[in-house]
Amino acid sequence: MDILVSIKPVLAMAVSLAAAFLILITGESARNLRETWTILAAVIKFLIVASMLPQILDNKVIEYTLVSIAPGLLIKFRVDALGIFFGLTASFLWIITSFYSIGYVRSSNEHAQTRYFMCFSIALSATMGVAFSANMFTTFLFYEIITLCTFPLVGHKGTQEALKGAKRYLTYLLGTSVAFQLLAVILTYHTAGTLDFSNHGIMSAARDRGASDAFLTVIFVLYMAGITKAAMMPFHSWLPAAMVAPTPVSALLHAVAVVKTGVFVVVKIVLHIFGIDLLRQLGLGTALAYFSSFTIIVASVIALKQDNLKRRLAYSTVSQLSYVILGVALLTPSGITGSIMHIVIHAFGKITLFFTAGAIYIASHKTEISQLDGIGKKMPFTMAAFTVGALSMIGLPPFGGFISKWYIAIGSIEARELPIILVIATSTILNACYFLPVVYAAFFKEPKPAHTHSHGSDAYQSPVTHHPSIHEAPAMMVVPLIVTAIGVVALFFSPSRFLELAKIVVSSVTGGN
Amino acid sequence: MNIQAQAPVLIIIIPLLASLINILIGTWRRDLCYPFALIVLGSCLLLAFNIMDTVINTGTIHYRIGGWAPPWGIEYVIDHLNAFIAVIVTSMSFIVSVYSRRSIEKELRASKIPYFYTLYILLTTGLLGITVTGDVFNIYVFLEITSLAGYALIAIGDEKAPMASFNYVVMGTIGACFYLLGVGYLYIMTGSLNIADLQRLLPDLYGSTVILVAFAFFLIGVSIKIAFFPLHTWLPDAYTHAPSAVSAVVASTMTKVGAYVMIRITFTVFEPRFSSEIIPMTSILGWSSVLAIISGSVLALAQTDFKRTLSYILIAEVGYIVIGLSVGNRAGFTGSVLHILNDAFMVACLFMVAGAVVYKKGSRNIDAFTGLNKRMPFTMAAFGIAAISMIGVPPTAGFFSKWYLVLGTIEAGQWVFASALLFSSLINAVIFVRILEKVYFNGENVSIPQSRDEVPLSMLFPVIFMGAGILVLGLYSGDIISSVIQHTVPKGF
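From first to last, the protein sequence lines stand for chains L and P. The numbering of the first sequence is the working numbering, which starts it at 143 and goes up by one. The numbering of the second sequence is the working numbering, which starts it at 385 and goes up by one.
In the SDA-like style, the derived pairs of lysine to any residue whose C-alpha atoms are separated by at most 20 Å in a straight line are:
#, chain 1, residue 1, chain 2, residue 2
1, P, 758, L, 291
2, P, 758, L, 166
3, P, 822, L, 253
4, L, 587, L, 507
5, P, 758, L, 252
6, L, 447, L, 570
7, L, 202, L, 144
8, P, 744, P, 837
9, P, 758, L, 254
10, L, 202, L, 190
11, P, 745, P, 486
12, P, 758, L, 256
13, P, 490, P, 543
14, L, 202, L, 341
15, P, 758, L, 301
16, L, 309, P, 819
17, L, 299, P, 819
18, L, 309, P, 685
19, P, 822, L, 302
20, L, 299, P, 758
21, L, 309, L, 376
22, L, 590, L, 579
23, P, 758, L, 305
24, L, 306, P, 685
25, P, 758, L, 171
26, P, 758, L, 163
27, P, 822, L, 305
28, P, 758, L, 168
29, L, 309, P, 754
30, L, 309, P, 755
31, L, 590, L, 578
32, P, 822, L, 254
33, L, 306, P, 814
34, P, 822, P, 837
35, L, 299, P, 818
Rough simulated footprint, nothing fancy, chain L against chain P, three-plus residues with beta-carbon under 8 Å:
#, stretch
36, 766-776
37, 783-792
38, 808-815
39, 851-865
Simulated from the structure, these hints should not be mistaken for laboratory data. Heads up, the beta-carbon is just placed ideally off N, CA and C, and yes, glycines get one too.
Sequences and hints are given; from them, build the entire structure.
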């Protein structure tokens, strides 16, 4: 594997950091200029990331050391297939979310828009930092920055409820990472003498050097407890609480950047810190697989009970994130492929669903599923996109979700863990149970009388059964959600580019066996 | 006269004389005290950097006062550790003195200002004296100069300050007595007070009970001075009720210099093998540190007064420093020494922020922070950085010292120690998140129009400097370790 030295990963990270600064000094007085910075940074970031793709597909790795702080503590970037996979997903979806965000905050007249766009930009910088980090220190650094700069976004509304949610968000994410993840990182350094990711896992030789199985298990458990962004139970409750955030934040951060950072880091730890051989010897892969299966099922069951659309989506996310963990925990080629594919496929699907939730809120101020009867007729494009996202979550062809579930299912056969197939089947049924009623209600039920919702103007209070005022949200919001919905379908028909990347990841971590 | 050669003594003589001259200036023109203090402390800072430079380039400095050879005469010995501490002391005292003018004007009666600066310079003199001398009795003398200046500075605070200061006087004097008894016992046994001389003479006497008692007295004395749990009881009151500028300077320097004395006694005067093998002193220190860290953090969580919160956090931070010393390995020691520097910056920054809030809102209560992000964006940005550093998030300085401390405890196999450090991070996260949330979010609900209303530049600049310093120090941790700290690690670690 050739190593190229290039500053591109740093630029990909830094471009939105620069944008954050420009956003701050431009401020509220020139909002069109301010939004231009966001869009510009998003596009440039995506182009930089995309420009690295040919080399990666060529089986090369791009590295760059930014600062060497102390022995073992280097801020170093390394773009490999897995990293660029995540980088491409996040940076592409940022472009779309940026347009959607602008539509959303302007339609709803949000306050503190400068802070909003600034924090968003920093969050994306840090996400690229995680995607392209070469060692666990750099990962930890950017992981924490994501937590800190998304905190103002979660609490954006400033209401008591928003503050409560934001506090829980920060307590879970920051608390577990400084207590458990940091300890795990230090133990890793103590045991392996390095924090640089390697294809066979830096801990792979630890056993020969006398580290006991119990000790390694403790480190692994600390990692899993410390990476709360992956929302594995019992550390999941920050995610539903974070739904108080404005919807574009939920869409990009809590379907893509933040939570995917979590599972991405889990994948990194499984593949590059411990390595699949060591985990197999320790039997931790299987343990993790069953642990995540528990989350998959339980979160789906909880999702069934939620009437608030965003909360239902949040529990769905909790469940779907564990698919990624489940896939990689199987430690087989197909399982890993499915896991990695699920990162991008779930991202597209879930961002579509969140976009529609936001569009519904902006167009009608409805947040509960029980209020959505008949809304499909008023907002056909939005609800069509919702249907696409929902079907992809369930895992039906011809939607992307089918691909990743397929690979994970094959992975479970390869790993001879047949109960896992049962888990996938159960979860599919549960997914159908909590998504299809929404689709059914939207398209086939008659709207309920108007008194069910609180934002009553005179027109609403009159006993008219139709809401003439409800129509599609602004184009700035509807177009992005159509684009992501198309993406969900496109991922089913031509997943080859992403599969190719996944194949490189698989061959690099299983190579030499 | 070659200034470079005389720097070790000039750094004491200049502020010592200046503190006397300052009173005269004060009786003539009160407003000249501030610029005069700045000049004096500024020149001390330059001298400290000069000394540091000499030490890095040419090694340990030995300076004989009046040309008298040790062990008869007093010798100033400055190695990497001394120079490092001297730079910290002078930096903190200079930066806080810049900050002090407006803060003091607000909090003190004008007639007290000349005394304030006199005592302030005297405090710095004492602290510097401790760091440059190579003589255990001389350390005692300077320790008392420092403490006396400290008692007086704290006593000029608010209405409860005299009582708090009196407590401190009692405890501090007991501490000084213990220390002095330790010195006396060593002198009885060896006939020497010179550190290098003691280092040579003591190993033959390690079996002696008197030496053991002396060692114990030293540790108890120093532990009181650095407010090491459970001898910390004087600190919260004293640091809460002192004027803000005083809290900032004493919190960031006195405990640090005390920690330096502890390092000197346990690892230079006595050999590391005495402190860790012949008697299990280090494990006693380690377990006390665990208690210090846990109880300091938990008590900090229970406070509503911001300065009191900081005081308890400081008690936990002292535990951090001692825990790194107690594990007896390179990583732990590195973490401790690095934390002396980082903690000085963090604590000074936070106490100055507290002073800035007192300046604008007239309250030390945590609720006074509500909605300050609009009114005082720069102060609050610095506060945010210091808070994050206290929690231990990279790339702030606090992360790196914590990294080495935890690594040190793990290498020593002390899991409880490591857990205590991380537990404290967690509590700090809760404490500071609670405040940051008030700063950045509750402002939206406050109906009063929020226009920018920052503290005066002379207060704002030091705060920002500290905040930025925490980030810069973090990024340069490796360089600081390789150029200074690694030379301070005792042999055998």
